[in-house]
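Visitor: Could you put together the complete structure from these sequences and hints?
Residues per chain, in single letters:
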Amino acid sequence: MSRRHLPVAVTTAVFLAGFLFCSLQFENFASTRVVMNLLTDNAFLGILAVGMTFVIISGGIDLSVGSVIGFTTIFLALAIGSWGMPPLIAFVLVLAICAAFGATMGALIHHLEMPPFIVTLAGMFLARGAAFLMSTESIPIDAELYSQIASFSVRLPGGGRLRIIAMIMLATFLVGGLLLHFTRFGTNVYALGGSRSATTLMGVRTGPTTIAVYMLSSLLAGLSGIVFSFYTGAGYSLAAVGVELDTIAAVVIGGTLLTGGAGTIFGTFVGLLIMGLIQTYITFDGTLSSWWAKIATGMLLFAFIAFQQMMSGLSGRLPGRLVARTPK
Amino acid sequence: MTMKALFCATALAAVLAAPALAADLTVGFSQIGSESGWRAAETSVTKIEAEKRGIDLKIADAQQKQENQLKAVRSFIAQGVDAIFIAPVVATGWDNVLEEAKDAEIPVILLDRTIDTADDSLYLTAVTSDTVHEGRVAGEWLAKTVGDKDCSIVELQGTVGSSPAINRKKGFDEAIASHANLKIIRTQTGDFTRTKGKEVMESFIKAENGGKNICALYAHNDDMAVGAIQAIKEAGLKPGTDILVVSIDAVPDIFKAIADGEANATVELTPNMAGPAFDALIAFRDAGTKPPKWIQTESKLYTAADDPAGEYEARKNLGY
Numbered sequence: 001m002s003r004r005h006l007p008v009a010v011t012t013a014v015f016l017a018g019f020l021f022c023s024l025q026f027e028n029f030a031s032t033r034v035v036m037n038l039l040t041d042n043a044f045l046g047i048l049a050v051g052m053t054f055v056i057i058s059g060g061i062d063l064s065v066g067s068v069i070g071f072t073t074i075f076l077a078l079a080i081g082s083w084g085m086p087p088l089i090a091f092v093l094v095l096a097i098c099a100a101f102g103a104t105m106g107a108l109i110h111h112l113e114m115p116p117f118i119v120t121l122a123g124m125f126l127a128r129g130a131a132f133l134m135s136t137e138s139i140p141i142d143a144e145l146y147s148q149i150a151s152f153s154v155r156l157p158g159g160g161r162l163r164i165i166a167m168i169m170l171a172t173f174l175v176g177g178l179l180l181h182f183t184r185f186g187t188n189v190y191a192l193g194g195s196r197s198a199t200t201l202m203g204v205r206t207g208p209t210t211i212a213v214y215m216l217s218s219l220l221a222g223l224s225g226i227v228f229s230f231y232t233g234a235g236y237s238l239a240a241v242g243v244e245l246d247t248i249a250a251v252v253i254g255g256t257l258l259t260g261g262a263g264t265i266f267g268t269f270v271g272l273l274i275m276g277l278i279q280t281y282i283t284f285d286g287t288l289s290s291w292w293a294k295i296a297t298g299m300l301l302f303a304f305i306a307f308q309q310m311m312s313g314l315s316g317r318l319p320g321r322l323v324a325r326t327p328k
Numbered sequence: 001m002t003m004k005a006l007f008c009a010t011a012l013a014a015v016l017a018a019p020a021l022a023a024d025l026t027v028g029f030s031q032i033g034s035e036s037g038w039r040a041a042e043t044s045v046t047k048i049e050a051e052k053r054g055i056d057l058k059i060a061d062a063q064q065k066q067e068n069q070l071k072a073v074r075s076f077i078a079q080g081v082d083a084i085f086i087a088p089v090v091a092t093g094w095d096n097v098l099e100e101a102k103d104a105e106i107p108v109i110l111l112d113r114t115i116d117t118a119d120d121s122l123y124l125t126a127v128t129s130d131t132v133h134e135g136r137v138a139g140e141w142l143a144k145t146v147g148d149k150d151c152s153i154v155e156l157q158g159t160v161g162s163s164p165a166i167n168r169k170k171g172f173d174e175a176i177a178s179h180a181n182l183k184i185i186r187t188q189t190g191d192f193t194r195t196k197g198k199e200v201m202e203s204f205i206k207a208e209n210g211g212k213n214i215c216a217l218y219a220h221n222d223d224m225a226v227g228a229i230q231a232i233k234e235a236g237l238k239p240g241t242d243i244l245v246v247s248i249d250a251v252p253d254i255f256k257a258i259a260d261g262e263a264n265a266t267v268e269l270t271p272n273m274a275g276p277a278f279d280a281l282i283a284f285r286d287a288g289t290k291p292p293k294w295i296q297t298e299s300k301l302y303t304a305a306d307d308p309a310g311e312y313e314a315r316k317n318l319g320y
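Sequence lines, in order, name chains H and B. Residue 157 in UniProt numbering sits at position 157 of the first sequence; the count goes up by one each step and never skips. Residue 177 in UniProt numbering sits at position 177 of the second sequence; the count goes up by one each step and never skips.
FYI, nobody ran anything at the bench for these hints, they're computed from the structure. If you're wondering where the values come from, they're calculated on a predicted model, not measured in any experiment. All C-beta atoms in this analysis are idealised placements derived from N, C-alpha and C, irrespective of residue type, glycine included. Check before you lean on any hint, since a few could be wrong.
[Unchecked claim] Derived DSS-like pairs (lysine-lysine); straight-line CA-CA distance at most 30 Å:
(1) K47(B) / K294(H)
(2) K294(H) / K65(B)
(3) K169(B) / K233(B)
(4) K196(B) / K169(B)
(5) K198(B) / K149(B)
(6) K233(B) / K183(B)
[Claimed, not checked] Reference listing, derived: stretches of chain B covered by chain H, where coverage requires no fewer than 3 residues with Cβ under 8 Å from a Cβ of chain H:
(7) 59-65
(8) 92-105
(9) 141-155
[Said to hold, decoys possible] Estimated spans, in silico, between C-beta atoms of each pair:
(10) L24(H) / K300(B): 44 to 54 Å
(11) E35(B) / E144(H): 45 to 55 Å
(12) Q25(H) / D279(B): 26 to 36 Å
(13) E35(B) / S82(H): 27 to 37 Å
(14) I305(H) / G288(B): 35 to 45 Å
(15) D24(B) / S135(H): 38 to 48 Å
(16) E144(H) / D150(B): 25 to 35 Å
(17) Q148(H) / K102(B): 16 to 26 Å
(18) D286(B) / I149(H): 53 to 63 Å
(19) Q25(H) / D24(B): 15 to 25 Å
(20) L156(H) / K293(B): 27 to 37 Å
(21) G129(H) / K293(B): 37 to 47 Å
Guide: Here it is, written out as structure tokens:
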């Protein structure tokens, strides 16, 4: 096994061991219901995590994604409910707005050479503020076509249901994986995170790549917002507060280097499942405070970062390292 | 011989039936969070009520987020619990997950708040308080206590636009409408908080001749009343005597005030929503009795005659 795949292998092993542990402890745990719930309940987070994987590999961060979800859900609720817009047109429109929003952040980061942290922090306040301006209440969405899409699911043996939002998430992971690992754009994203100046010298145009990365992240945040509105059947400006941090945690637990340059889409998927697994365990137990989920995630995150640090320290001393990093 | 056999059979049936009533029942409870003292008390009372009945209770705290509640409910379904209680954080967006519960034949009971849904077969029943009735009980108490005397009332409202504030005002207004001698002379919001309650009461006292024109205070919750009592004392008046104080919620601190004679009455918003819910659930499971769609909790009035010191002791450890 190559050194590059070690973090993903460790993450996967942790997940499998965790699932086995839970299955031994609780009856009914190893069921299609639990597995499908993991996919359904983390669908919106998963879609965000795909975008965040690109951003973090490129050496950046996107703090605006949770707010973009809030904006998207409230926009959809008003567009479909109050302005009478057909759902499909509303979806296209909101995705276009989100993509433009992300592209603008990307352009600011590239042209003004501002830290992504600050630009996307501003974006976070902007999107959340815009959501609150539109409405502060939770508005139910009840268009015919909309509810039909939202409640579509495939029943599996054992009572589990593969819901439409889980399908959208799986498709996003698939497309994201192809884009990151098998295209020129994906290679550029890795190069950008490895070393910006070296990337420029190599002839990769960093500007379009940076803009595309943030555009992709916001576009996926918009898609995630659509999925979130399917999930709750309503638009709410306070939806998904703080979710950007959960997303970053899932990506890092999935083996992506927070400093950029290394990571995989598959790892992110497993990272997402681990976080979902922790929550499921706590609900199954029923006596633990749900805040333990945060504590467990925090400890796991810490362990993974320490592990990565150790790995990159090791690879730095060895010849033929596969993880490209600039000395800081 | 037959008598003996009959007796044995009955005894055996009793032995078998009694623990089977509840002991093997597992209930999942998706709680909103612990944003207020009342909410924390609701959680502790639910635990106590479950223990009393030998029910295995699983609690999931949603930290104020609906997505966490949806996750918890789905986990409960996957786990195969016998019933699910939900204190919904928002009214919308429950149809899909409740359909899954219905499919799995797990009854759902709503606590404290209701939901918006076109299909009310998705839940068994909702146990909530009637906030209009709470206001009415407070108004009726005041009308009875004052009798035929003229009485100018000041009112501390809850958060503007919130449903308890609207309903508690409505109920109180209804109750005093038929009494021409009772009149609300000033009303303003105190935001359900102690500090705002005190501030607003201070301005009422200033505006009404140092408080001499005020005969009674009606506060939409106990916290505001406790703040107002402080303001009344600082103005040199005796709360509970010079100005009657009636409020709603029945939190421990107001019982202390009642015991000290500084407040006169409170209407309980009981944190025990789970007790009636457990009873309805057990009746439904064992006898198939369908409960009504809405179970209203009692809005009990407490005054100095109801052992306020004892009530304070009983409540102070519930987490208020």
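Visitor: Evaluate each hint against the coordinates.
Guide: Checked hints:
Pair hint K47(B) plus K294(H) holds up; C-alpha atoms about 23 Å apart against a cutoff of 30 Å. At most 30 Å may separate the alpha-carbon atoms for a hinted pair to count; K294(H) and K65(B) meet this at roughly 14 Å. Restraint check for K169(B) and K233(B): the C-alpha separation of about 25 Å stays at or below 30 Å, so the hint holds. Taken as a hint, the K196(B) and K169(B) pair is honoured in the structure, with Cα atoms around 18 Å apart against an allowance of 30 Å.
Restraint check: the Cα-Cα separation between K198(B) and K149(B) comes to about 27 Å, which is no more than 30 Å; the hinted pair holds. Annotation: proposed proximity of K233(B) to K183(B) holds, straight-line Cα distance about 23 Å (limit 30 Å). Counting residues of the segment 59-65 of chain B whose beta carbon lies closer than 8 Å to any beta carbon of chain H gives 6, which reaches the threshold of three, so the coverage claim holds. Note: the segment 92-105 of chain B has 9 residues with beta-carbon separation from chain H under 8 Å; the three-residue rule is met and the coverage holds.
Here the segment 141-155 of chain B counts 0 residues with a CB under 8 Å from a CB of chain H, which misses the bar of 3, and the coverage is violated. Distance hint for L24(H) and K300(B): a CB-CB separation of about 48 Å, consistent with the stated range 44 to 54 Å. Restraint check, E35(B) to E144(H): a C-beta distance of roughly 36 Å breaks the suggested window 45 to 55 Å. Between Q25(H) and D279(B) the Cβ separation comes to about 32 Å, which falls inside the hinted range of 26 to 36 Å.
Between E35(B) and S82(H) the beta carbon distance is about 30 Å. The supplied range of 27 to 37 Å therefore holds. For the hinted restraint 35 to 45 Å between I305(H) and G288(B), the CB-CB distance of approximately 56 Å leaves it violated. Remark: the range hint 38 to 48 Å for D24(B) to S135(H) is upheld by a beta-carbon distance near 46 Å. A C-beta distance of roughly 59 Å is found between E144(H) and D150(B), which places it outside the suggested range of 25 to 35 Å.
The hint said 16 to 26 Å for the Cβ distance between Q148(H) and K102(B), and at roughly 18 Å that hint holds. Hint check: D286(B) to I149(H), Cβ distance near 41 Å, so the stated range 53 to 63 Å is violated. In this structure the supplied range 15 to 25 Å holds for Q25(H) paired with D24(B), their Cβ-Cβ distance being about 20 Å. Checked against the given bound of 27 to 37 Å, the beta carbons of L156(H) and K293(B), roughly 33 Å apart, stay inside it.
Checked against the hint of 37 to 47 Å, the C-beta distance between G129(H) and K293(B) comes to roughly 40 Å, which is consistent with it.
Violated hints, listed in ascending order, are 9, 11, 14, 16 and 18; each of the other numbered hints is respected by the structure.
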